[in-house]
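J.: All chains should be built: construct the whole structure from the sequences, respecting the hints.
Under the numbering used here, the very last position in the sequence shown is 1023; numbers go up by exactly one each time.
Treat the hints with caution; some may be incorrect.
Simulated restraints on C-beta separations [as the list claims (entries may be wrong)]:
hint, residue 1, residue 2, range
1, LYS955, ASP1000, 12 to 22 Å
2, TYR998, LEU941, 17 to 27 Å
3, PRO1015, GLN987, 36 to 46 Å
4, GLY1022, ASP1000, 15 to 25 Å
5, ARG924, ILE1001, 20 to 30 Å
6, GLN975, LYS955, 13 to 23 Å
7, TYR998, ASP917, 29 to 39 Å
8, SER988, ALA963, 13 to 23 Å
9, GLN929, TYR998, 17 to 27 Å
10, ASN993, ASP917, 35 to 45 Å
11, ARG1009, PRO984, 34 to 44 Å
12, ASP917, GLY1022, 33 to 43 Å
13, GLN975, ARG938, 19 to 29 Å
These are calculated hints, taken from the structure and not from any lab test. All residues carry an ideal CB built from backbone N, CA and C; glycine is no exception.
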Amino acid sequence: MVILQRDEIISKLRAWHQQALDSEEIWRWALQATSECVTDDEVIKAVMEMLCAIPQDLWIEEDAQVMIDALSNPVDQSDLSINLLWNYPDIVDLAGRRRTLHDHPLYGPYCGE
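T.: If you want it as structure tokens, here you go:
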């Protein structure tokens, strides 16, 4: 199996953040990558878990920056990165996202109250 690297994920996240990839493209890439690749990096695992949950958790392009920040921290600061990713959903306005994305083909099915 291929080992998933931080640089590869950061590159994909930057493309998503800059809208060179849309949410469905990065979501499908994440699903495929997690089925074909391995890692023992806990931050990579956490980010990939988030990416695999893009539609149901309503992650959008602006959220990519938080994931990039977490992956950009040194490996010896993984606890800090995991904490950042763990706490990030608490500051996201999910109600606002549900209203905004309710007609979106990818997110819409997950925007019910």
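J.: Now tell me if each hint is right for this structure.
T.: Hint check:
Checked against the given bound of 12 to 22 Å, the beta carbons of LYS955 and ASP1000, roughly 20 Å apart, stay inside it. Taken as a hint, the range 17 to 27 Å holds for the pair TYR998 and LEU941, whose Cβ atoms sit roughly 21 Å apart. As the Cβ distance of PRO1015 to GLN987 is approximately 38 Å, the hint placing it in 36 to 46 Å holds. The supplied range of 15 to 25 Å is met by GLY1022 and ASP1000, whose beta-carbon atoms lie about 21 Å from each other.
Taking 20 to 30 Å as the suggested C-beta distance range, the pair ARG924 and ILE1001 conforms, at roughly 22 Å. At about 19 Å, the beta-carbon gap between GLN975 and LYS955 stays in the expected band of 13 to 23 Å. In this structure the hint that TYR998 and ASP917 lie 29 to 39 Å apart at CB is violated, the actual value being about 22 Å. Range check, SER988 to ALA963: Cβ separation about 20 Å, and the 13 to 23 Å hint holds.
Separated by about 20 Å at the C-beta atoms, GLN929 and TYR998 satisfy the suggested range of 17 to 27 Å. For the pair ASN993 and ASP917, the beta carbons lie near 22 Å from each other, so the given range of 35 to 45 Å is not met. Here the CB-CB span from ARG1009 to PRO984 is close to 38 Å, well matched to the stated 34 to 44 Å. Between ASP917 and GLY1022 the CB atoms are about 37 Å apart, so this pair conforms to the stated range of 33 to 43 Å.
Remark: the range hint 19 to 29 Å for GLN975 to ARG938 is upheld by a beta-carbon distance near 21 Å.
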